[in-house]
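Engineer: Could you use the hints to bring the two separately framed chains together as a complex?
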Amino acid sequence: MAKSTKRRKIIVFSLIGLVLLGLGGVAFFRKREAVITVQTEKVIRRDITEKVVANGKIQPVLQVKISPEVSGEIIDLPVKEGQSIKKGDLIVKIKPDFYLAQIHQCEAGYESAVAGKAQAEANLEKAEADFRRNKDLFDHRLISESDFIGFKAAADVCKAQVESALHQVESAKATVASAQDSLDKTTIVSPMTGTISKLNSRLGERVLGTVQNVGTEIMIIADLNEMEARVDLGENDVVLIKPGQTAQLEVDAFKDQKFNGTVTEVANSSNDTGTQTSSSTSQEATKFQVRIRVQEKMDFRPGMSVTAEIATRFRTNVLAVPIASVTTRLPKEPEKKKDGKIAAADPPATNSMASNHSSQTATNNCTTNAVEEAKSDKKGKGVAKPVEVVFFMEGEHAKMSRVKIGISDDNYWEITDGVKDGQDVISGGYRAISRDLEDGKKIKKGPPAGEKDKEGQPDKKD
Amino acid sequence: MIDMEEQQPPPLPDSHLKPHRRPRMTLAARLLNVFAVPGEVFGELKGGPVAISNWLIPALIGAVIGVLSVLILLSQPAIQRQFKERQNKFIEERVKAGQLTPQEREVVEWLTRTTVLKALGSAGAVIGSFGSVVWWGFVLWFLARVLFRAQVAFSKTLEVAGLSMMINVLGGIVAMLLIINFERSGAAPSLALLVKDLDAVRKGGLVAIAANVFSIWVVGVRSIGLAKLAGVPYLRAAWAVFTFWLLEQCLLILIGAGQSGT
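Going down the list, the sequences are from chains A and B.
Sequential numbering from 10 applies to the first sequence in our numbering.
Sequential numbering from 1244 applies to the second sequence in our numbering.
Okay, chain B solo, but in the shape it has when bound (with noise of 0.2 Å):
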């Protein structure tokens, strides 16, 4: 007779317990399914090890990108038109009211001479990119802190902020498409490119320029990102980063900065 205790099959190796686990995105889907599927990307970011390359690469792409749209449009007869004529009337103008002394007038000429320019707009993309990455970073880390008293990593928020990048990335390569269609240096995906003649040193085209599609877009990410660190609901997160993000337009209005699209 067989033993029935000796007929029971063996146990189950340890493995099949433990529940299936999806394996972790690669950086390029990361950089891909945050125009999708940001909450994935992020609640993958909360529980996993710090990766600078989800906010570096971002940052290297976006300061890429803004080199060459500033080096094509600066190329184009029509942007360099465009912009010599607001240059002139900008240094008349000044030197009319009297602000402009013609030593200054000289040195603002100088500055505004295409070359200079591609080379001061190269630098500022670089450090634009960068820098909006890092300022994000601290914005929602600030936020998640104080706000939300929840124990967030800087660097998370960081890599929240890189990766929601590539949002600012795309709208960039959008803008710069729309600039060379439309052969006028205000065509944006906003309201600006409804206004024909825009005037982005006054307000009013300062606002229809901050009325940008992808800025809606990358700040709706940004909120996602803020509401998996912090565990906060959604509505919570985007009230906080939306508010945040229309005070800090208002006053670049105020001070005549304008935005690009940050």
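One chain only, chain A, in its complex shape (with noise of 0.2 Å):
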């Protein structure tokens, strides 16, 4: 009996101790995970609304550049710049003495054709006579028929001349036209109603004029009443851009404003198509011109710099996470096509990501050492594609969960697939996102990192 008593002490002792002494040790010494600091936002529905930024000037609808088609001396500029004008009234007028010159020339060369004509048709009379006098006579054999075909010849001939100096007239007549019609140019009236935008030639300048080509560019009017920014955009942003879409404006001039406006036209060709030279193929970004309508009425001079807000797409009351909140992560195993080949290494999601935004703050970048993996495996090992992922918070651990995105604004993603409504996603801060979480990762709640010096600890004060 002592001994059953003695041995079920020393079991029952043992036992304690050992649990005791295994449950102190390892607190003892069990290393503790670091906890990472992260900011947290719930998931909500919103609408959000694509927007694309793009600078660009603002410009007259409808403006006109003015040039002489005859040359010669200014002798009369009676506009200013900035002066508004109206259809019809005189803008420039050219010396127009030369032209004048050449029309009497013209009008003496018209008269001398007419005179030619009159002469041709005198001598015409008179051998039409001869013919007709002599085709009598030959008809009774009375001349020889070489004498009557001479005369028939004479007939004909001055027949011809008649018509020739009646071309000639023409031709002389045209001449005074043209010459009047140059001096005509020497005078010239605005073709539209609108203000002297810019003003490039003087009173005594010399200007140069064709009809074919364009001459010397005197003024440009405009009508400044119906205005439009004239904005350059990438070649990944072109592709979003349509007419009829609406566009906030922001003029440098007009800071306190915004201004409303709509797309009217999109450019096929990028601005340097048929420009390039050996040296800008490459180094210069493509661009096309966007032009968007200014609804608004306000003292715009053309040339003021502009940037646009393009609203391209927007979708309402869906699933929206803070941009800092998606990153990328490579996948655990590499993707595999259907044919059970592994998928070739593409370049990182984030670089299309950034080029949405071209004037926002990019998504965070996939890990470095993500990125070179799949630049050093990219010739033919096949290597994972790095996927969008955000991070919850599940009590005191992080949660990776792979998302689908869709558009963007200023501030949220759109998530199409991966998240519930409701769920604290991880928004903060930028390090831990981008390359310290994991899946499982001990996390905690806090304050940015530059925050922590004025809150402290928490319970610093308990």
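The set of hints was computed from the structure by calculation and includes no laboratory data.
Nothing here was measured: the structure is a model prediction, and the numbers come from that model.
Beta carbons are placed, not taken as given, at the ideal position from N, Cα and C, and that holds for glycine.
Be aware that a few hints might be false.
To spell it out: a stretch of chain B is covered by chain A in this simulated footprint if at least three of its residues, at any positions, have a beta carbon under 8 Å from a beta carbon of chain A; those stretches are [claimed, not checked]:
id, segment
1, 1269-1279
2, 1320-1327
3, 1407-1418
4, 1421-1430
Structural biologist: In structure tokens, the structure reads:
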């Protein structure tokens, strides 16, 4: 009995000792995993409007460059830059002396042609009379056939001369008209009602003008009532733009105001198409011009700088997460194609996401290790492609979830798959999301890194 | 010649005729032996004099261990975080439901500050330790008197409750070590250890917490004590004590009070 009691005591106390020693040892020697401080935000439904931002200039919708069709000295320039003018108002007068002389010369030529025509008609009359007379004689065999043919030919020649004289008269007449036209062109009137937006020439300057080619640009007349923003977009963004889309315009000269606009025209070709030189092919970004009609009437001047935000796509009531929440990670196993081969590496997804925010903050890049791995295996081994993920806070651990993204605005990404309403998604800090966080890592909520000095540790005041 | 009657050996002293009696266990021996051989401890207790130390010392030890546990656990960052999250969730739900005014919210937030919690927790540990001993002393006395019609003194049942308290003390130490290792406030030597996100407010969570190894152990030891004091078979005493304990736990779970291993 005593022996069994003693044995029981030994067993029980040994067990208790082992349990206490074991738990105590683990508690003492256990390495504690570093806890990452994060900030979170709830996933809620939002309206998202995707915008493309571009810079450009304000220009009039309608503007005309005035250049002369005749050359000469400007003798009258009754307009100033910025002046409003109406259609038909005199704007430039060129010295007409040369053209007046030309008219006189042409008129003299015309008179000469008319006199020549009269002479030819008189000769024709005589030749026809001789022909008629000699025809009778020939019919009565009183003259030889050769004589008769001679008279006939003379009559024909005179007819032709009359015809030629007629044409010469017409030609002289046309010359006179042309000279008159040139003279008329020394007086230039405004083709439209508008404002002199630019005046390049001055009184007394000589200007060059031709009918076939553009001459000296004397001035530009523009209708400043209808203005448009002409902005340049990159090739990745221009495919999203369509006529009719709305835009918000911010003109540097009117900082406190925002203006509304509508896209009216999207260029089919890039700005440098047809003007490429050997030095410009690959260095400059490819830009396409987009025209946006400004709806408000304001004291805009051609050439003012403008920034346009064009609303390209929008979604209503969709699940959205902060842009900073979305990052990329390599999946654990490489993706395989349907034929069983492993997919080749593609450029990381963040490049396309970054280009969608031409002037916005890009999403977090994938880890440098992931990029280097993808680059090194690009040639053929087949590596996993980084995928878009977000991290949720589940208790004290981070849970990684692969997501499918849609459109985005300045602050939020639309998520089409992979999140649920009300989930706590990790939205900061930047380093944690882009590098440190992995599935299952220990996390805690806390202020951003820069604010720690002000707030201190939790319960510090306790 | 020698007288044979005179040659008889002298009579043996009386002490030789009395049966050999084991010396009484010291208090330390009683406190330790209650883990391994509770029957012996309570058997000796039944015939012995009333000893206040049998319940006072375990209650004091329990209070000290309880206070230390509260202070150590509430100093753990992980436990503080978990507690704050639960507190915020609790407050938000109540405020949303309109059950908490802004003034009441401030009071709740003040009461749940770490220093206040430590003070309240320590006081609770002391009161709980002594209260548990007195309560179970009463329960055992009641069961002996009413159920088994045994004339058992309250002081004796108090001693049984006090000595069996040592098992709760060990359970408290083990629970504290588990909480530190797992960094979860619900970690305990019970089914709660298997539940990842234990919600101690829900009934299911409370049941998991109630299924504690040490709770069951201490109820078994109290049953031995009752059996010894009341002079009834162990199974009868165990049936009574376990039934009472189950009813007590069910009531506590129903009212959402939970249990702390008592």
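Engineer: Next step is simple, just say for each hint if it's right about the structure.
Structural biologist: Hints versus structure:
1. Here's how the segment 1269-1279 of chain B fares: 4 of its residues keep a CB closer than 8 Å to some CB of chain A, so the rule of at least three is met and the hint holds.
2. Counting residues of the segment 1320-1327 of chain B whose CB lies closer than 8 Å to any CB of chain A gives 6, which reaches the minimum of 3, so the coverage claim holds.
3. Coverage of the segment 1407-1418 of chain B by chain A holds [criterion: at least 3 residues with CB-CB distance below 8 Å; count 3].
4. Remark: the segment 1421-1430 of chain B is confirmed as covered by chain A, as 4 of its residues place a Cβ nearer than 8 Å to a Cβ of that chain, reaching the required three.
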